[in-house]
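Using the hints provided, position chain B relative to the given structure of chain F.
So you can see what is in the structure, the chains are spelled out below.
Protein chains: 2
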Amino acid sequence: MPNNDFRHELAQQLRVDSVRASAAGGSGHPTSSMSAADLMAVLLDGYLKLDYANPDNPVNDHLVFSKGHASPLYYAMLKAAGAITDEELLSFRTFGSRLEGHPTPRIPPTDVATGSLGQGLPVGVGLALAGKRLDRLPYRVWVLCGDSEMAEGSMWEAFQHAGWAGLDNLTAIVDVNRLGQTRETMLGWDVDGYAARAEAFGWKAIAIDGHDLDAIDAALAQATSVTDRPTAILARTHKGRGVKAVEDQPGKHGKLLEEPEEAVEELGGARSLAVTVKTPTPGSPHRFATTGGALPRWEIGEEVATRQAYGQALTALGELRGDVVALDGEVSNSTMSELFAKAHPDRYFEMFIAEQQMIAAAVGLQARNWVPFASTFGAFLTRAHDFIRMAAISRADLRLCGSHAGVSIGEDGPSQMALEDIAMFRAVHGSTVLHPSDANQTAALVAEMATLPGISYLRTLRGKTPVRTSPDENIRVGGSRVLRNSDHDDLTIVACGITVGEAEKAAEVLDAEGIRARVIDCYSIKPIDGDTLVQAASQTRAVLTVEDHWPEGGLGDAVLDALAACPDRPPVRKLAVSAMPVSGKPGELLHAAHIDAEAVAEAARQLVKR
Amino acid sequence: MPNNDFRHELAQQLRVDSVRASAAGGSGHPTSSMSAADLMAVLLDGYLKLDYANPDNPVNDHLVFSKGHASPLYYAMLKAAGAITDEELLSFRTFGSRLEGHPTPRIPPTDVATGSLGQGLPVGVGLALAGKRLDRLPYRVWVLCGDSEMAEGSMWEAFQHAGWAGLDNLTAIVDVNRLGQTRETMLGWDVDGYAARAEAFGWKAIAIDGHDLDAIDAALAQATSVTDRPTAILARTHKGRGVKAVEDQPGKHGKLLEEPEEAVEELGGARSLAVTVKTPTPGSPHRFATTGGALPRWEIGEEVATRQAYGQALTALGELRGDVVALDGEVSNSTMSELFAKAHPDRYFEMFIAEQQMIAAAVGLQARNWVPFASTFGAFLTRAHDFIRMAAISRADLRLCGSHAGVSIGEDGPSQMALEDIAMFRAVHGSTVLHPSDANQTAALVAEMATLPGISYLRTLRGKTPVRTSPDENIRVGGSRVLRNSDHDDLTIVACGITVGEAEKAAEVLDAEGIRARVIDCYSIKPIDGDTLVQAASQTRAVLTVEDHWPEGGLGDAVLDALAACPDRPPVRKLAVSAMPVSGKPGELLHAAHIDAEAVAEAARQLVKR
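Protein sequences, first through last, are from chains F and B. Residue 75 in my numbering sits at position 75 of the first sequence, and the numbers go up by one each step. Residue 15 in my numbering sits at position 15 of the second sequence, and the numbers go up by one each step.
Chain F extracted, bound-state conformation (with noise of 0.2 Å):
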């Protein structure tokens, strides 16, 4: 029998924790986390099994804030389960503190940052996959959800794809206080439309008066032995929830509450209750076995496309790591990885057209320790910004593969080129941005990505090019290759990805012309080889960028910035795709966009007479 007197107690301890915390930070949301603080009593009393002073225990089950702006709820939280003190619960907000605004993995056991709503829904869902799929234990993963972020498609991303996969180790408990910053939600405080979705969507949903407990630990018992799918838990709440002055209120979103001491007296006091929070029983994640194996290689001079290079050396190292998994958009056959679903089908995600949840879903499984690469076309990894972003506060490890790189594709036209992805990616936190022109560069590069911390992304193209790199030649993260250089270059051609067959052809047509050009493929464009564009800079007149990209933020730009601190530095010129590119085969493409060989020997040309 739960005892609902210490639960109720425990409540207005989060409540009045909140209201403390915040008044002691100067700012924070105190009314969206008392609405749902009665929701979360009960979770910590009565099911959520975490063993807070052991955060890497592998069988703990997760607690996700959606409503990442419901901190001071979750750091009360921390306290009450003895995981902070009191006053670090309130140096919330403070310059130094781990209680940052919204959650970030600063303070364990947060296994991600949210405060872009929307976002911790489909993370919960990677971490659920991760249980059923991967680790292959019984936890559970609650995610605490608002009523204002069910508006953002990605949480009807992750409904989908969580009853597709029927996902019964999920609970999502949504916090239906109806107050949105500036007025109503869509849905107000009709719980039962917020059910009918999610029952549409293959869930179970339980809709409740958010306040009363027992109806709570009902819905959470329910929730956890619902075996078939994952469970909704829509509840009914007041914002400010326990304080006259701003229960159910408008014009009270993220605002102090104006008397504070009265509100704490209002709810009781200040408390100290402990909960002694259920742990887990003891298990061991799943490994799966490795069968050893090595890269691929190619041969000088063979045709190949580096996306079917990623998707070779991929699968490779799915063999020769038993912890690395992929992920893709349902176009697997365009970014070739394929290949590794067909080899490691146990540990390939089809995440189908829902980038944003791909990319939460590779953040969960990091989270829990896997080594997702997830891909799809680069231009659509646009779609997923937001998550990359918050990704990078989560401190999370991603490999991210975008294929049909620029106007190279031709016909399918701009909607499906990626030409703004490097500027996307190296604008990144503590980001890596890898653009091979070759297969076996895109092999080495694959391997080396797997040990890499933060986000990488690898930018694949759609069509063939040569084989110019050894596959023993030493390719890594912040090298570059000069395919060709003498003691007397009067310019350097730096180039990446399909650009670099285009510096190579131009620099043959200018030596014949009695120009001499140094030619060198950067692969690695963040972080981007300074030594050796220094030296080149240094020994030519000038510098001569080409690549398939917008002219902002690319290539030329990354090239800039490493020779930014030269005093000496010679005039740079980029070429780069400056007007909307159209349908068309690849050569007539690059040709349009100026950045072919033609255009390069031309541009050259120019730069050295001056």
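Worth flagging that the hints you see were computed from the coordinates, not collected in a lab. Errors might be hidden in some of the hints.
The list treats identical chains as interchangeable, and a pair is accepted whether it falls inside one copy or across any two copies.
[What the hints assert, rightly or not] In silico DSS-like pairs for lysine-lysine, Cα to Cα no more than 27 Å straight-line: (1) LYS255 to LYS585; (2) LYS505 to LYS255; (3) LYS255 to LYS464; (4) LYS464 to LYS342; (5) LYS255 to LYS132; (6) LYS585 to LYS505; (7) LYS342 to LYS255; (8) LYS342 to LYS132; (9) LYS464 to LYS278; (10) LYS609 to LYS132; (11) LYS132 to LYS49; (12) LYS585 to LYS464; (13) LYS49 to LYS278; (14) LYS609 to LYS49.
As the structure is a prediction and not an experimental result, all values here were calculated from the model.
Leaving out everything else, chain B in the frame of chain F:
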């Protein structure tokens, strides 16, 4: 009585022409076209009211191919409607043709580009909102959707918003052919499952056999008669319908038919049927009255947040121009678009926390010649990156405002800080990127944005900044402001937004030490004031940039690009946010990021020393 014999022949012609166009173009998606041919034949013959000879007729219905890869079918419809010749049809996917791999507005009456799945329906919501609330015309919006794209969360943002708004002028026709690119979709042929989801989101749903001409007719008739909600027709179809070699076969996505001539024979041969498409009843769009007035002005020295200035300027613009409308992602009291909402409620669209739908709606509104300004936190515009990318391909004129830029927001933490937005927007084709440092600059730029083509982005600050710019100064896109200079400046400091004040303070400190700094307020980042920067670089011994943004793709890279061609350019150093920020006071975070006055002064000393 509809003539089913004619409609069947028309549908077969659409199939034949899809096969012929794809074969002529050498690639394409004929099987994805063939599944929807019966649906489109009945629509074209009986329901669509579109004056193909006058694409700008304001009363025209709108037809959006959300499954843009079915472009062969779309172009086959244009031929049947007499909008293009058979010769042009066969130019599909060839260089120079208007018939690109996926539809774009290059071929009228196409409103928007599609090809990134899950975007056509959200844009359709925008067109339907324009019809209901702005134009106040009885046109209908028809959107052909694929079943694979139902996995995209953005589709459910559209279902939610359209259901909530009661858009009975919107019909989604979902071509449930069950087969995605590599496998069966999550729901397969479960049209009732889709119908349950649509109904749960407030739509009328009709599940039919998508090859039964009578059922299609009945469903379209019903869609036009429902008066309080949008309608979704869930049509069970066969991919590749009509040609045994490909019909309902896996592995045929995006592939040419191997024997196109035999396929045409099997479909009854080529035809040249012409459809007399209904034309709409003439009508004129509603116009909003203007009240005149002037842009807001602030006195030098006043303290005003640029987000506040945005709200006031936009409100004034709404009084000056009846075509200006505003959208917000449920943070209007943060972005301050709430001022517009209060002054012009008929022209304000609350899009709730669904940034993808917000951008798509704006794209739809501008396709009907309205002038939308859409706002949310700059960080959350990353959520809509793919929609912004596609808007550029749609040749859309959009004005976007992202508030809460950088670490200067303070306590809320990194999830709420825009630190990659400049990089993202610079790499949008044809974009304009603006970051004013005070209120008068903001007002001038907001006014200019209303007349700018393409996608323009205004970045605003959470905190107050002092007004430094006279309301009468010439502030313009492509301009900059030299805050201080002399004939003997030692170095140039380039700043924008919050860092302008830091640069100014640093310059004063440096001045006392005998180091003269020129300070440039680079409020227009793209286009950038290259002349002023080149001149400053040539007149000083070093350039220092300072920005509240990641180091990649922002102000610093834009300045480096502006100076790229200079042979005598001095060293450039970029100050930017390079470590992951945490919570804290704005001043603490600017200091920790090394972008405050102290860091600027120290970097300046080092630069001048060497």
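Hints, verified against the model:
For the identical chains of this complex, LYS255 and LYS585 are inter-copy neighbours only, at 17 Å across copies versus 57 Å inside a copy, given an alpha-carbon limit of 27 Å. Within a single copy, LYS505 and LYS255 get their C-alpha atoms no closer than 63 Å, and across copies no closer than 32 Å, so neither meets the 27 Å cut-off. Only between protomers do LYS255 and LYS464 lie at most 27 Å apart by alpha-carbon distance; the minimum there is 19 Å, versus 57 Å within a single protomer. Taking the shortest Cα distances, LYS464 and LYS342 sit within 27 Å of each other inside one copy (22 Å), while across copies they are farther apart (57 Å).
For the identical chains of this complex, LYS255 and LYS132 are neighbours neither inside a copy (40 Å) nor across copies (36 Å), given an alpha-carbon limit of 27 Å. Proximity of LYS585 and LYS505 under a CA criterion of 27 Å is satisfied intra-copy only: 19 Å inside one chain copy versus 55 Å between copies. In the homo-oligomer, the alpha carbons of LYS342 and LYS255 lie at most 27 Å apart only across protomers (21 Å), although the nearest pairing inside one protomer, at 53 Å, exceeds that limit. In this assembly of identical chains, LYS342 and LYS132 lie within 27 Å of each other by CA distance solely inside one copy; the values are 20 Å within and 50 Å between copies.
In this assembly of identical chains, the alpha carbons of LYS464 and LYS278 never lie at most 27 Å apart, being 56 Å within a copy and 48 Å across copies at closest. With identical chains, the CA atoms of LYS609 and LYS132 are never at most 27 Å apart, being 65 Å at best within one copy and 61 Å at best between copies. For the homomeric pair LYS132 and LYS49, the shortest alpha-carbon distance inside one copy (17 Å) is at most 27 Å, but the shortest distance between copies (52 Å) is not. When the C-alpha separation of LYS585 and LYS464 is checked against a cutoff of 27 Å, the pair qualifies only within one copy, where the shortest distance is 14 Å, while the shortest distance between copies is 52 Å.
In this assembly of identical chains, the alpha carbons of LYS49 and LYS278 lie at most 27 Å apart only when taken from the same copy (5 Å versus 64 Å across copies). For a Cα distance limit of 27 Å, the shortest separation of LYS609 from LYS49 qualifies neither inside one copy, at 72 Å, nor across copies, at 60 Å.
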